[in-house]
Each structure stands twice: as structure tokens, then as C-alpha cells.
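So the protein sequences, as listed, match chains A and B. Taken in order, the first sequence gives residues 3 to 114; the numbers are from the numbering used here. Taken in order, the second sequence gives residues -10 to 103; the numbers are from the numbering used here.
These are calculated hints, taken from the structure and not from any lab test. Glycine included, C-beta positions come from ideal geometry on N, C-alpha and C. Treat the hints loosely; a few may be bogus.
Stated by the list, open to error - Under the rule of at most 30 Å between Cα atoms (straight-line distance), these lysine-lysine pairs were calculated in the DSS-like manner: (1) B/LYS11 x A/LYS81; (2) B/LYS57 x A/LYS82; (3) B/LYS11 x B/LYS95; (4) B/LYS95 x A/LYS82.
Said to hold, decoys possible - If you anchor each label on the Cβ, the simulated ranges turn out as follows: (5) B/LYS46 x A/VAL114: 39 to 47 Å; (6) A/ALA41 x B/SER15: 17 to 25 Å; (7) B/THR(-1) x A/PRO71: 23 to 31 Å.
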Amino acid sequence: SQTIHQWPATLVQPVGSPLSLECTVEGTSNPNLYWYRQAAGRGLQLLFYSVGIGQISSEVPQNLSASRPQDRQFILSSKKLLLSDSGFYLCAWSTTRGNTIYFGEGSWLTVV
Amino acid sequence: GENVEQHPSTLSVQEGDSAVIKCTYSDSASNYFPWYKQELGKGPQLIIDIRSNVGEKKDQRIAVTLNKTAKHFSLHITETQPEDSAVYFCAAIPSGGGADGLTFGKGTHLIIQP
Chain A
3 SQTIHQWPAT LVQPVGSPLS LECTVEGTSN PNLYWYRQAA GRGLQLLFYS VGIGQISSEV
63 PQNLSASRPQ DRQFILSSKK LLLSDSGFYL CAWSTTRGNT IYFGEGSWLT VV
Chain B
-10 GENVEQHPST LSVQEGDSAV IKCTYSDSAS NYFPWYKQEL GKGPQLIIDI RSNVGEKKDQ
50 RIAVTLNKTA KHFSLHITET QPEDSAVYFC AAIPSGGGAD GLTFGKGTHL IIQP
């Protein structure tokens, strides 16, 4: 069966510090990968998606970037965090032919 | 692109009563409609989905109905229990999908009153 792992689960970072959130998927090959953010409200905002290694599409211009160095690894990064980057970040995957998206457990980021 | 509207934003029901959450979509080509449940501090989990060739689907206390003509679909939870308290998201995706995946509604906070 397929599993998705995301870490760290919680982190508190000072303004201006770098960020790296990692996500890996097991049990499938060539998945589509996604990063979402939930800010103060409940909505799911798509940040980035990737259809293959090195292929990143950005949905929202921002202070963040994403990379996919391996088929089942997706990384969310920032060089300098802003207070507004605080939120709940979710990694997700789907098959290339499927429609269902499966989410990881999320990472709580607090920028202080 | 697709636009999904979800109502209500908050729903409070007595334990044992039924809850209904409604969504409308704009793209008539959409053909897959999943529902997710998100508990506090966790990622959303798929609870039920329906495809456009089906009008209704049930799984124990949960059911989803789809009206393609009106472009709306609904989640029905019967005999609600405290563990049903969560945020629920509807979503839609058009035929052929898209690498950017599903379009989500803004969520419904379901509160089950004891």
C-alpha cells in the first residue's frame, strides 16, 4: 500500500531564517506531488505541484520554493521566512492517471 | 477553470441527527467528486467519492448525492456521533484531470452537540 510521510510535524522558526519541509511517498512510482497551505481559515491553498523529477509548477507567487530531487521526494523551502508564512503545510500525492489526492499528516509552521 | 462553492461554512447539529453539506461546481466537464474529512491538526482524509455516472453512493452512515444537471453534490451523514465533528471539504476535477489536481471548496466545520 502507498504511504506518505511528511516532516517535521511542528517547527517554530524566527523571521528571516530558512525553511525546509520534506515529504516522501512510498509504494508508488511517478506520482504527482503537491504542497498545500492552510492559513488561519480552513481553506486549502495549492502552492506547488510536480509531475516529475525537476518539474515544478507554482500556483501562487510567494516567498517559498519547491524541489523534487527524486521521484518520490518533494521539498518545500524558503531562504528567509516571513511572519505571513506561518500556517499548516500539507504534502499530498496522486497517481498520474488518478484523480484522488492523498494527504500527509501536515507540518505546523510558526514564524516568530 | 473549475470553481467549487461549499455551504454552510459552519454546521451545528445534535448528536443523532443528520447533517447535510452542499457543494456546487461550475465546470460541466467535471466528473469526479470526492469528500474529505479533516480532524484538528491532521491532514484531510478521503471519506467518500462519486463519479458522474452515478447519482448516489452510500457507505454506512455516509452518503453522497450528485445532480449533474444542476451541478451540485451533497454529503449526508446520518445518526451523527461526536467523532463526526471535523472540517469537511468537497472537491471536483474535470474529465482528463489536470496536473494541478482537485479544486476544493472552502470547508464546512461540522460540530456535533452532545
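Here's how the hints hold up against the structure:
no.	hint	in the structure
1	B/LYS11 x A/LYS81	violated (41 Å)
2	B/LYS57 x A/LYS82	violated (46 Å)
3	B/LYS11 x B/LYS95	holds (12 Å)
4	B/LYS95 x A/LYS82	holds (29 Å)
5	B/LYS46 x A/VAL114: 39 to 47 Å	holds (45 Å)
6	A/ALA41 x B/SER15: 17 to 25 Å	holds (24 Å)
7	B/THR(-1) x A/PRO71: 23 to 31 Å	violated (41 Å)
Of the numbered hints stated above, those contradicted by the structure are hints 1, 2 and 7, listed in ascending order.
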